Amino acid sequence: MTRPAEALPTQEMLINMGPQHPSTHGVLRVLLRTDGEVVVNARPDVGYLHRGLEKIGERVTYAQFMPFTDRLDYLAAMNCNCAWAWAVEKLAGIEVPERAEYIRVIVCELNRISSHLIAFGSFTADMGAFTPFLYSIRERERVNDLFEAICGNRLTYNYARIGGVSADLPQGFIEKTKEFLDYFEPKISEYNELISYNKIFVHRLANVAVVSPEDAVGYGLTGPNLRGSGVKFDLRRDEPYSVYPKLEFDVCVGTGERGTLGDCFDRYMVRINEMRQSVRILRQAIAQIPEGPVATKVPRVFKPAAAEAYVRTECPRGETGFYVVSDGTQNPYRLKIRAGSFVTMNIFEKVTKGLMIADIVAVIGSFDIILPEIDR
Amino acid sequence: MEPQVLFDAVKAEFGDAVTDLQSEGFRPPFVVVSPAALPEIARFLRDDPAMKLDSLMCLSGVDYKDRFAVAYHLHSITMRHAIGLKVFLPRENPSLPSVDAVWPAANFMEREAFDLFGIVFEGSKDLRRILLPEDWEGHPLRKDYRYPEFYHGIKV
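Just so you know, the protein sequences line up as chains A and B, in that order. Here the first sequence is numbered in my numbering, starting from 123 and rising by one per residue. Here the second sequence is numbered in my numbering, starting from 8 and rising by one per residue.
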């Protein structure tokens, strides 16, 4: 007896993608339910890198927590350092010397460039183009050199301090930064010529995993992922902190230039354009930076008054917020870390429905997630 | 919108369900509400044209020793104002209604609070442990948590 074709039994298949998989950017496990090559459902399973940073935070002093913020997002450790410093300063009402704030903005923007470079490089490598990755690593090396000159470290910096930064800029740093900017700025156009508008690359990204502006806001996407959906919101401009109000820059948003607004290509392009804006910010900051002290005196036994504060800053992977509850002792009573990548993973299951398996790789790359920030 | 104005508006709408405004030393201030009224208040805060608190920035559990709390940090992308929402819960069987139907972003953060504090979010679309293994015992961020001596029979 023959059966009609639609009655032929096909089986859905469960596949583990990760936790050890080169394109999941770390130890992320995605449980794929597939129908042939089509993903019926992709459920992320996180927590493999959980170190209990929030619990650790309750057992160390405010200053001692600084090196742990390095491990929050190791590709943007400067941004996390400064985010923690800003959070504690707002909690305790500490004024920071202007030079220190300028230094922080300089290192944050340098780190934003290097983080976006990795995002760009690993994303293109995920899409099958390995050469741009080498280009991006080459440029990132120069940022690492600058950081090494500042604080001696190339990955986890532990540079910011509550009340300022640990040391002044070394001699010749401003000139070296200028040199780097002159070298780096033309490279961004080179990336665009090399890969951004490559037909195969665009086909892999355009119209894939479209996030509508409403969903982006509702699901709490932040940073480049939010702006990729066309929502013009950047904490540096809209909730200004530090010396950002004195610096001019544009907020880059997705435009749907190659497909639909909010697709993978838009999120990719926002990062490319943001590197250009970071160069712009850096040029102004190194021109304006005043002389003066780089840290204010904070008591050795630092006990902020009992208070609660939620302070958020714009990190390369979205908004990093610290909700700090102080009970007047040396240690935070409760420390909640809100990380951009963690919240972003929430929308993953929704946007990956009905995509091909290979598109999952594009989605992970376009969200630019980092696992230590998800698992904390 | 100023926190006090916002508080008065919510108070006028929901009366006794809104108990307190924590403002001195709180940044942003918290509107304290009762757990039962949370879904309606959440919906009101999101949809009211004067509030439009469309983005849930952060959801955290807190253990105040005598009781638990869940703190919601809300922000409006269109109106550019922010406010906190706080719900106090008893230590025994802490549970409150979920808000993931109002702000989809809540789901992962509620799972985290469930995982680390054991706070149950009723009506959540998917409430499982998220960061710890599924067979983990206890909730580590509670202040009375005791570190386990064994994990699966292995001394740690």
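Just to be clear, a hint being listed does not mean it is correct.
[Stated by the list, open to error] Using 27 Å as the maximum straight-line C-alpha spacing, the simulated BS3-like pairs for lysine-lysine come out as follows:
#1 B:K162 <-> A:K472
#2 A:K354 <-> B:K59
#3 A:K212 <-> A:K354
[Claimed, not checked] Chain B residues, not near chain A, derived (Cβ > 12 Å throughout):
#4 A16
#5 A24
#6 T26
#7 Q29
#8 A43
#9 F51
#10 S83
#11 L96
#12 S102
#13 E119
#14 R135
#15 L138
#16 H159
[To be verified] Stretch by stretch, here's where chain B covers chain A in the computed footprint (C-beta under 8 Å, at least three residues):
#17 161-173
#18 328-342
#19 390-401
#20 441-447
#21 452-460
Hint data in this document are derived by calculation from the structure and do not stem from the laboratory. Since we're looking at a predicted model, the values are computed, not measured. In this text, a Cβ means the ideal position worked out from N, Cα and C, and glycines have one as well.
Verification of the hints:
With a C-alpha separation of about 40 Å, the suggested pairing of K162 of chain B with K472 of chain A is violated against the 27 Å cut-off. Our distance criterion of 27 Å between C-alpha atoms is met by K354 of chain A and K59 of chain B, whose separation comes to about 17 Å. A threshold of 27 Å between alpha carbons decides the hint, and for K212 of chain A with K354 of chain A the separation of about 26 Å falls inside it, so the pair holds. Every C-beta of chain A lies more than 12 Å from that of A16 of chain B, the closest at about 21 Å, which supports listing it as non-interface.
Even its closest Cβ contact with chain A, about 22 Å, leaves A24 of chain B beyond 12 Å, as expected for a residue assigned away from the interface. Non-interface status of T26 of chain B relative to chain A is upheld: no Cβ of that chain comes within 12 Å, the nearest being about 17 Å off. Interface exclusion of Q29 of chain B from chain A breaks down, the closest Cβ pair being 8 Å apart, not more than 12 Å. Every C-beta of chain A lies more than 12 Å from that of A43 of chain B, the closest at about 24 Å, which supports listing it as non-interface.
At roughly 16 Å, the least C-beta separation between F51 of chain B and chain A is larger than 12 Å, which holds for a residue marked as non-interface. Some Cβ of chain A comes within 12 Å of the Cβ of S83 of chain B; the nearest lies about 10 Å off, and the non-interface call is violated. Non-interface status of L96 of chain B relative to chain A is upheld: no Cβ of that chain comes within 12 Å, the nearest being about 15 Å off. Non-interface call for S102 of chain B relative to chain A: holds, since the shortest CB-CB distance, roughly 20 Å, exceeds 12 Å.
At roughly 8 Å from the closest C-beta of chain A, the C-beta of E119 of chain B falls inside 12 Å, breaking its exclusion from the interface. Not every beta carbon of chain A lies more than 12 Å from that of R135 of chain B, the smallest distance being close to 10 Å; the non-interface claim is violated. A cut-off of 12 Å between C-beta atoms contradicts the statement that L138 of chain B is not in contact with chain A; the least separation is 4 Å. The Cβ of H159 of chain B sits about 17 Å from the closest Cβ of chain A, beyond the 12 Å cut-off, so the non-interface label holds.
For the stretch 161-173 of chain A, the assignment as covered by chain B holds, since 3 residues bring a beta-carbon within under 8 Å of that chain's beta-carbons and 3 suffice. Three residues within the 8 Å Cβ limit are the bar, and the stretch 328-342 of chain A against chain B gives 5, so the coverage statement holds. Only residues whose beta carbon comes within less than 8 Å of a beta carbon in chain B count, and the stretch 390-401 of chain A has 0; fewer than three means the coverage is violated. As drawn, the stretch 441-447 of chain A meets chain B at 4 residues by the rule of a beta-carbon pair under 8 Å; at three or more, the given contact holds.
Only when three residues or more bring their CB closer than 8 Å to a CB of chain B does the claim for the stretch 452-460 of chain A stand; here the count is 3, and the claim holds.
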